[in-house]
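Once you've looked at the hints, dock chain Z against the given chain Y.
Below are the chains, spelled out letter by letter.
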Amino acid sequence: MLQAIEVSYRLPEGQEILRAIDFRLAREEKVVLLGANGTGKSTLLKVLNGLLPPTTGTVCYDGRVIDRAALREAAFHQRFRREVVLLFQNPDTMLFNPTVFDEIAFGPRQLGLDDVDGRVHHWAGELGVAPLLERTPFGLSGGEKQRVCLAALLILEPKVLLLDEPTANMDPRSTGWLVDFLADLKQTTLVTTHNLSLAGEFGDRCLVLGEDHRLLYDGPIQDFLSDHDRLTAANLVHRHRHRHGATEHSHFHIHEWD
Amino acid sequence: MKDRLLLLGYAIAVIAATSVHNPWWLAAGLLLVAVLAGRQAPTIGWRALRAVLFFSLVISIGYAAGALFGQAVSLDYLILVNIRVYLLIFLTFTLAAKIDILRALSFSRNLTYLVTLVLSQIIPFRRLFEDLRLAAESRRLRRLRLRERYLQSAAAAVHLFDRAEHDAREIALAMRSRGFFQPDATDNAPGD
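Read top to bottom, the protein sequences are chains Y and Z. Letter 164 of the first sequence, counting from 1, is numbered 164 in the UniProt record's numbering, and no numbers are missing. Letter 64 of the second sequence, counting from 1, is numbered 64 in the UniProt record's numbering, and no numbers are missing.
Since the hints were made in silico from the structure, they are not lab data. Treat the hints with care, since some could be wrong.
Quick list of the computed label-pair ranges, beta carbon to beta carbon [what the hints assert, rightly or not]:
id : chain 1 : residue 1 : chain 2 : residue 2 : range
1  : Z       : Leu173    : Y       : Gly245    : 50 to 58 angstroms
2  : Y       : Glu73     : Z       : Met175    : 30 to 38 angstroms
3  : Z       : Ala174    : Y       : Arg239    : 29 to 37 angstroms
So these bits of chain Y aren't anywhere near chain Z, every CB distance computed over 12 angstroms [what the hints assert, rightly or not]:
id : residue
4  : Ala20
5  : Arg82
6  : Asn169
It should be emphasised that the depicted structure is a prediction, and the values quoted were computed from it without experimental measurement. In this text, a Cβ means the ideal position worked out from N, Cα and C, and glycines have one as well.
So here's chain Y without its partners, still in its complex pose:
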């Protein structure tokens, strides 16, 4: 459905962010993208969303190459933007309407869909933000903003969800709610996280970006999570000395992140 073929991305200053990334997402597949900070997870999602053009390689959606020419075609642009949506890590960057209602209605209004009011109320209810509809998005908490952004994306009934650290601004209760909510969605999802304790909840397959910006692993998530050598190579676990009560241990201990 969505495919990256030998995708590399280099910043204008010359720094390489992604190197020869190659994978394919199948319809309704749930995939987790893991990687330490700075490995290029967010950049990869932006490339997949057609926002950043790969320096080399191609991104394909439903067999069509996503490049500037394709996105200049109004019909394809609208279809792609409606079907492949991206939740940014910082929800503030996505909110620009005066009220939560307008924020969620932004997409359907652009498409000229009927019953915008009904759609907004439906998705606001699904995401638990119905009581916030008249409020201004900037006054909400981080978790509420994240839900509003999700409602604004899901109202378009997309086929592919690209979610960049969706739990980053959420408290434990909201995080638990989001995990359950995403599990019930039928869409293809690609979720980035460096939280290993949650990773297994977001999908069965994982892609791991290494610190050399290459794809380090693509396979079943449980195999990866039980492989300490790979976890260490990906810089997803750390070791430090620690104490048990009065007893001081001089050995190293492995913890998960977050």
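Just chain Z now, kept in the frame of chain Y:
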């Protein structure tokens, strides 16, 4: 030393460009800056043109509108103002690419601190600005109306302003916590 001399040259050039009132001299100055920019001259020149275009258009159109209502108009003055603004921006962009500002200001510890703070804020702001632009692009399904574009820009500006204010307050607190601001003998208000 080279950076300091360039910075001094820049300061002198700015004073000269604002004191000279002959368009031909300013045009000659423009040529000189273009030579100084070397191979980058077309790129920097284009960036400078984009930066001043809005300002120059507004001034020029306002001036032309004044002429329509019978106000006395000097074409020489209009040319002078536009060349001067373009020269100053071209000069700034050219030297910004050539001067290592930290090295140039290394004679003053306070100025170095100030510039370091400014630079440390520019990078995250550039990233945030890029994210705002990409998020808007990602949610755009068709060509937006002018009102929608204004709305997006205004929201982005508010967000950037809030962020700048928050960061400035945090930085000031962090600097105070690290003893940067020496308390005055008369200053005994710990909560201010």
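Here is how each hint holds up against the structure:
no. : hint                                      : result
1   : Leu173(Z) / Gly245(Y): 50 to 58 angstroms : violated (37 angstroms)
2   : Glu73(Y) / Met175(Z): 30 to 38 angstroms  : violated (52 angstroms)
3   : Ala174(Z) / Arg239(Y): 29 to 37 angstroms : holds (30 angstroms)
4   : Ala20                                     : holds (23 angstroms)
5   : Arg82                                     : violated (6 angstroms)
6   : Asn169                                    : holds (14 angstroms)
Hint check: violations occur at hints 1, 2 and 5; the rest are consistent with the structure.
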